[in-house]
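Colleague: Sequence lines, in order, name chains H and V. This note's numbering puts the first residue of the first sequence at 199, with every later residue one more than the last. This note's numbering puts the first residue of the second sequence at 56, with every later residue one more than the last.
Everything labelled a hint here was simulated from the structure, so no lab data went into it. In this text, all values refer to a predicted model and were calculated from it rather than measured experimentally. Among these hints, one or two may not hold up.
Facing chain V, according to a computed beta carbon distance under 8 Å, are these residues of chain H, among others [unchecked claim]: (1) 236; (2) 274; (3) 278; (4) 280; (5) 284; (6) 299; (7) 316; (8) 402; (9) 405; (10) 454; (11) 515; (12) 516; (13) 519.
Using N, Cα and C, we set each Cβ at its ideal position, and we do this for glycine too.
Chain by chain, the residues run as shown.
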Amino acid sequence: MPSAQVQPATAPEVRELTFAQAVREALAEEMRRDPRVFIIGEDVAEAGHPFKVLTGLVEEFGRDRVIDTPISEAGFTGIAVGAAMTGMRPVVDIMFGDFITLAMDQIVNQAAKVHYMSGGKLRVPMVVRTTLGATRRSAAQHSQSLHAWLCHVPGLKVALPSTPYDAKGLLKAAIRDDNPVIVFEDKMTYQLKGPVPADDYVIPLGVADVKRAGRDVTIVATSSMVHVALAAAELLAGEGIEAEVVDPRTTVPLDVETLVASARKTGRVIVVDEGYEKYGVTGELAAVIAEGAFYDLDAPVRRLGAMHVPVPFSPVLEDLTVPTAERVAAVARELCGTR
Amino acid sequence: MTRATEISPRDELADVRPEQWRALYRQMLTIRRFEEQVNELYTSARMPGLAHLYIGEEAVAVGVCAALRRDDYITSTHRGHGHCLAKGASVDRMFAELLGKAAGYCRGKGGSMHIADPEVGNLGANAIVGGSAGIAAGAALSARMRGTDQVAVCFFGEGALGQGLLYEAMNMASLWRLPVVYVCENNLYNEYTPASETTAGSMTARPEAFGIPCTEVDGQDVRAVLRAARAAVARARAGEGPSFLLCHTYRYRGHHVGDVNRAYRTREEEQWWMTERDPLTLLARWMTAHGIADAALLAQLDAKVREEIARGLAFALDAPYPDASEVDQHVYA
């Protein structure tokens with residue numbers, strides 16, 4: 199949570215919501231606020247999405263604004279691009295992040311390029327919600343974390359919410375943004391509970407959040423890896439190492455300032471992300487931190503990402519592919535020289 | 056599938072006034088002369104990049120766009136100059152865009168293959184074959200959601216019949232009865248390969264499989280194109296759903312201006328289309344036969360068009376390039 203919030207005269211109501219409920223609330227509020235907002239994707243209406251994220255929305259907004267599509271990722275993503283270019287604000291639901299591959303032309307060659315190629319005359323105010331994350335025993339075509347692909351493309355913004363609070367605030371900001379924004383939600387966090395204000399708030403894209411303050415080592419973590427990092431910090435706290443956990447919340451735009459400030463404070467940095475470690479988000483985060491805080495660092499920035507293998511089905515194997523709190527803590531101990 | 060039926064010349068003359076036929080002729084001529092100039096610019100190394108010429112296919116763009124309102128949408132292709140001009144673009148800013156100048160329709164950032172002009176409903180040319188099929192259906196969906204009666208036309212070549220996106224979009228457009236008109240320009244060649252080697256089965260069976268009515272049109276006859284387009288647009292505007300126009304046409308030039316050998320087809324074939332099936336000649340002959348134009352008027356129109364082209368080119372050649380500071384502008388809105 200942001201630490202320096204101004205308290206209004208009457209404190210707003212704060213409820214415990216699941217991540218999925220927070221997403222649903224963000225969508226419902228934005229659809230009530232702006233008639234141009236609509237949802238499009240597979241099984242988004244009565245089915246309410248496989249993870250029940252959208253339950254109840256079709257009852258309130260009807261099938262004209264919660265549009266069930268055939269199984270046609272490229273087609274409905276392209277339809278959203280055209281709708282966004284002509285005055286609507288679509289929210290595309292791509293059921294699993296792996297399926298974003300099917301829509302890549304529409305996202306990369308169309309949505310991301312339209313504003314630039316038209317010399318600024320056309321806009322694509324569109325959101326793509328999709329998932330990332332392994333450890334659901336879903337095997338290699340339902341478990342990938344492909345967000346680095348989208349971060350690589352100019353013209354797209356990428357959000358990686360980790361908590362119900364962030365999920366609601368970032369999604370509302372994404373819907374109000376005039377650019378294509380891809381929001382990756384970790385399947386494993388949908389049932390995670392957390393405090394969410396009932397009032398209207400947005401979290402600006404490009405503002406990182408210090409999820410836990412510490413002095414000895416910075417753990418920069420994205421999406422569900424924030425919870426891995428917080429668990430590692432708990433382990434380390436028992437050993438006298440105070441870890442600071444920084445959540446960029448959006449990787450495009452990236453709040454370099456907050457990351458570098460934390461690196462300067464602690465002098466030691468671990469970057470944790472569930473995408474593939476090679477050529478991935480961790481490489482970029484490590485590089486900007488090294489460039490911005492090199493002379494304040496006591497050790498090279500360390501990276502932890504997914505193993506460079508397709509995600510295996512067998513639970514025993516799958517668990518090996520993703521960073522864990524124990525591994526993050528072990529790297530922190532190495533960095534702090536207290537192994 | 057229906058073939059565009061012949062209607063009597065008298066009905067046709069009543070339906071479209073003489074000056075409108077002359078305007079359509081002038082538009083086709085403008086596209087022809089514009090592209091001849093583009094070819095000259097490219098071969099004299101004054102134009103950067105690629106150019107895919109539309110010469111020979113003018114009747115399709117002009118006939119279809121004549122059935123549209125200014126606020127109707129089109130999406131175009133890598134061979135899009137004709138569509139852009141027919142939807143209302145001016146030659147000076149077109150040339151400026153092709154030369155990478157700041158005065159171009161996209162401030163020189165789009166070039167030949169990406170010209171967009173939302174003020175006249177042009178949602179952009181597209182360098183991905185079939186890439187705009189979703190955008191056109193989306194514009195049609197948006198029109199309906201916003202409660203307008205706008206129509207979206209999706210132009211594509213027969214090469215796009217190999218792309219899956221087109222079928223995904225047509226499926227949804229038909230299911231949801233979206234106001235979209237699919238205009239397939241069958242110019243017989245997918246880039247450098249005859250359509251007969253790339254397209255299995257029947258072209259018209261494809262839309263029909265989705266329940267989309269298809270009309271086969273002589274794409275060299277602007278009168279036939281206009282007639283079929285009017286029916287398709289009226290159907291879309293009335294909320295009756297998408298249509299598919301299969302326009303048989305011919306690309307006189309190569310896939311792009313550098314494709315000069317064209318070993319995949321004969322010079323005799325090209326010559327036949329140019330002499331027997333030229334859209335400008337066909338319309339000129341018809342107008343002359345019906346007293347709408349004569350040789351003197353046609354010569355006068357040509358002089359006017361050449362003057363417009365020369366003025367537009369001079370404007371573009373004189374126009375400044377974008378400032379270096381523009382390179383990272385418009386990445387994000």
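Colleague: Check the structure against each numbered hint from earlier and tell me which ones fail, lowest number first.
Modeller: 6, 8, 9, 10, 11, 12, 13
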